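There are 2 protein chains.
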Amino acid sequence: MAPGPGFSDEKNETLCESESTVYVHNPHLDGMKDDILYHFNLGTSTHNLPAMFGDVKFVCVGGSPWRMKSFIEYIAGELSLEDPKAEYPNICAGTDRYAMYKIGPVLSVSHGMGIPSIAIMLHELIKLLYHARCTDVTIFRIGTSGGLGLEPGTVVVTKQSVDATFLPRLEQVILGNTVVRSTDLDQGLAEELLQCSKDLGQFETVIGNTMCTMDFYEGQARLDGAFCSYTEKDKQDYLTKAYESGVRNIEMESSVFAAMCKLSALKAAVVCVTLLDRQKGDQLISSHEVLHSYQQRPQILVGHLIKKMLQTSASVAVLDKKTVSV
Amino acid sequence: MAPGPGFSDEKNETLCESESTVYVHNPHLDGMKDDILYHFNLGTSTHNLPAMFGDVKFVCVGGSPWRMKSFIEYIAGELSLEDPKAEYPNICAGTDRYAMYKIGPVLSVSHGMGIPSIAIMLHELIKLLYHARCTDVTIFRIGTSGGLGLEPGTVVVTKQSVDATFLPRLEQVILGNTVVRSTDLDQGLAEELLQCSKDLGQFETVIGNTMCTMDFYEGQARLDGAFCSYTEKDKQDYLTKAYESGVRNIEMESSVFAAMCKLSALKAAVVCVTLLDRQKGDQLISSHEVLHSYQQRPQILVGHLIKKMLQTSASVAVLDKKTVSV
Numbered sequence: 001m002a003p004g005p006g007f008s009d010e011k012n013e014t015l016c017e018s019e020s021t022v023y024v025h026n027p028h029l030d031g032m033k034d035d036i037l038y039h040f041n042l043g044t045s046t047h048n049l050p051a052m053f054g055d056v057k058f059v060c061v062g063g064s065p066w067r068m069k070s071f072i073e074y075i076a077g078e079l080s081l082e083d084p085k086a087e088y089p090n091i092c093a094g095t096d097r098y099a100m101y102k103i104g105p106v107l108s109v110s111h112g113m114g115i116p117s118i119a120i121m122l123h124e125l126i127k128l129l130y131h132a133r134c135t136d137v138t139i140f141r142i143g144t145s146g147g148l149g150l151e152p153g154t155v156v157v158t159k160q161s162v163d164a165t166f167l168p169r170l171e172q173v174i175l176g177n178t179v180v181r182s183t184d185l186d187q188g189l190a191e192e193l194l195q196c197s198k199d200l201g202q203f204e205t206v207i208g209n210t211m212c213t214m215d216f217y218e219g220q221a222r223l224d225g226a227f228c229s230y231t232e233k234d235k236q237d238y239l240t241k242a243y244e245s246g247v248r249n250i251e252m253e254s255s256v257f258a259a260m261c262k263l264s265a266l267k268a269a270v271v272c273v274t275l276l277d278r279q280k281g282d283q284l285i286s287s288h289e290v291l292h293s294y295q296q297r298p299q300i301l302v303g304h305l306i307k308k309m310l311q312t313s314a315s316v317a318v319l320d321k322k323t324v325s326v
Numbered sequence: 001m002a003p004g005p006g007f008s009d010e011k012n013e014t015l016c017e018s019e020s021t022v023y024v025h026n027p028h029l030d031g032m033k034d035d036i037l038y039h040f041n042l043g044t045s046t047h048n049l050p051a052m053f054g055d056v057k058f059v060c061v062g063g064s065p066w067r068m069k070s071f072i073e074y075i076a077g078e079l080s081l082e083d084p085k086a087e088y089p090n091i092c093a094g095t096d097r098y099a100m101y102k103i104g105p106v107l108s109v110s111h112g113m114g115i116p117s118i119a120i121m122l123h124e125l126i127k128l129l130y131h132a133r134c135t136d137v138t139i140f141r142i143g144t145s146g147g148l149g150l151e152p153g154t155v156v157v158t159k160q161s162v163d164a165t166f167l168p169r170l171e172q173v174i175l176g177n178t179v180v181r182s183t184d185l186d187q188g189l190a191e192e193l194l195q196c197s198k199d200l201g202q203f204e205t206v207i208g209n210t211m212c213t214m215d216f217y218e219g220q221a222r223l224d225g226a227f228c229s230y231t232e233k234d235k236q237d238y239l240t241k242a243y244e245s246g247v248r249n250i251e252m253e254s255s256v257f258a259a260m261c262k263l264s265a266l267k268a269a270v271v272c273v274t275l276l277d278r279q280k281g282d283q284l285i286s287s288h289e290v291l292h293s294y295q296q297r298p299q300i301l302v303g304h305l306i307k308k309m310l311q312t313s314a315s316v317a318v319l320d321k322k323t324v325s326v
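Line order of the protein sequences matches chains A and B. Under the UniProt record's numbering, read the first sequence as residues 1 to 326, first letter to last. Under the UniProt record's numbering, read the second sequence as residues 1 to 326, first letter to last.
Note that these hints are calculated values from the structure, not bench results. Keep in mind that this is a model prediction, so the values were computed, not measured. Any given hint might turn out to be false.
Note that identical chains are pooled: a pair holds if it fits in a single copy or bridges any two copies.
Said to hold, decoys possible - Capping the alpha-carbon separation at 27 angstroms, the derived lysine-lysine pairs in DSSO-like fashion look like this:
no. : residue 1 : residue 2
1   : Lys33     : Lys233
2   : Lys235    : Lys262
3   : Lys159    : Lys57
4   : Lys280    : Lys85
5   : Lys33     : Lys235
6   : Lys267    : Lys233
7   : Lys262    : Lys280
8   : Lys85     : Lys267
9   : Lys33     : Lys280
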């Protein structure tokens, strides 16, 4: 199998504008009169994308539309950008496929469940950032997951996203042929998130591998799906092997998120809270309140880092100004 | 690769109750005190599932929550079960993962986009129907798709769901091993739907193979994604091969829908309208109104068949009553 569909890490002069641009790798796009981002209900001829999104520096994505609305409310407060009278309108209100919210430099987008669902969203998000001429964008997936050998509520920042055989790769079928893409994530960003957790001191955070599966039940060795042809021992053996390979949590989107962000030169991190320890059970029996409080942890962690990064860039801007005026 | 994870077509005496029951294939389920259907926000200890769902005979599933609400309103009218004052409440109101509506014997459930998203829903739906002791259930997926060699607006009833190499199979990874499942659908039900279209005379309907892909852009040979490493000719060659193998439309959920319904002995059909001819383009440039009217066609077709089947069963009941009273 080829290492990828012809995209090297080297700069493609015809497609990339600068080091910090969001890259698309599609020579056909520039020849299109309009580009309809169908699942967002947005388009280049119907919306002024540079005016709407040109200032975006941070994108947070997560499965649930409700959670992504709650994140924009939270980050507005953290960045002191909130207006008590303001509603945060869903920018994709004309469709129910995804929900999108924006405040200042932060965009929050839902992606549904599973690799295909997040992949559609990312294709259109990457094109949106490209059309809007965004630069220096950092992207976070904030999600939920099953944990391995961790107390429920622990946050896992992904080192590598691995498949169900514990390999750090994504297999995609293009024109009927399987191509393999790298699922590397930004290690520096992961370390910064770990440091944020230490600064905050509110909950446990670890860096570990994340297993990305195509199914929640049989695909994650659960015993409580409609179908199950294996024993409790088979399940435990599989999860033990996963743990031994470095896997600390299991979810359903990280591999294609990592692969597509890498191809687009988006600095990316995956930050998921563990809702249960899969070696101790399959069902989510914790109370609604407990699960809800766990789900806020990736928001708090990412919110803290965004605030820190914005403060740093503001200090740099002040410093630059001083240097110029000297 | 094995032909499946140990589920034969033969009756499993320990798990199946009768010919018409909805089957689960999981010996662990009966040992569980409660079963939390997490993504529906329903459970066996919190809800009386037989009372809520025991009368369900038809389930319609589709990607969009809005469309599934509109279907329940439509079918309520068709079956003269509507109450002009009634709102149809979302049974899964406590979660934003899926939406679910019910009127009389008809259940309408959204499933999001892609195989993983519909698979989670189907695991929990099959368990719901099993816990509710439903019998003789027929299930339809009503969706949208890209067409091949068909006028936009044509409805395709799926003969076989095939993968991106045109083979009628679903590969699933269970405990790290790939298993292959059959994607056969009920041919009699497909023929009945075709007959309904003839009865209605409102739009074109064909029976053909449906290609089920993991991605909307590169996975369906589109030229308008964020990434594209092939030419227009490569795309056309691939779509021509698909057409020659019998594929008439392309979507993202039919294979796992077919496989899981077959395992559960649910009589199943996939009914998707084509929104465009993929050999002529990639973008959805038709007006909102035109696309909306196309999306109603699978609803109209399935609604007509449900009405017909209920009328037939009512006639049989009257006939039975007469026979008894003779």
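Quick rundown of the hints versus the structure:
1. In this assembly of identical chains, the alpha carbons of Lys33 and Lys233 lie at most 27 angstroms apart only when taken from different copies (20 angstroms versus 58 angstroms within one copy).
2. For the homomeric pair Lys235 and Lys262, the shortest alpha-carbon distance between copies (25 angstroms) is at most 27 angstroms, but the shortest distance inside one copy (32 angstroms) is not.
3. Proximity of Lys159 to Lys57 under the C-alpha cut-off of 27 angstroms is restricted to the intra-copy arrangement: shortest distance 22 angstroms within a copy versus 47 angstroms between copies.
4. For the identical chains of this complex, Lys280 and Lys85 are neighbours neither inside a copy (45 angstroms) nor across copies (48 angstroms), given an alpha-carbon limit of 27 angstroms.
5. In this assembly of identical chains, the alpha carbons of Lys33 and Lys235 lie at most 27 angstroms apart only when taken from different copies (20 angstroms versus 52 angstroms within one copy).
6. Taking identical chains as interchangeable, the C-alpha atoms of Lys267 and Lys233 are never at most 27 angstroms apart, the minima being 40 angstroms within one chain and 34 angstroms between chains.
7. Taking CA atoms no more than 27 angstroms apart as the test, Lys262 paired with Lys280 passes in neither setting, with 34 angstroms inside one copy and 31 angstroms between copies.
8. Taking identical chains as interchangeable, the C-alpha atoms of Lys85 and Lys267 are never at most 27 angstroms apart, the minima being 34 angstroms within one chain and 52 angstroms between chains.
9. In the homo-oligomer, the alpha carbons of Lys33 and Lys280 lie at most 27 angstroms apart only across protomers (16 angstroms), although the nearest pairing inside one protomer, at 55 angstroms, exceeds that limit.
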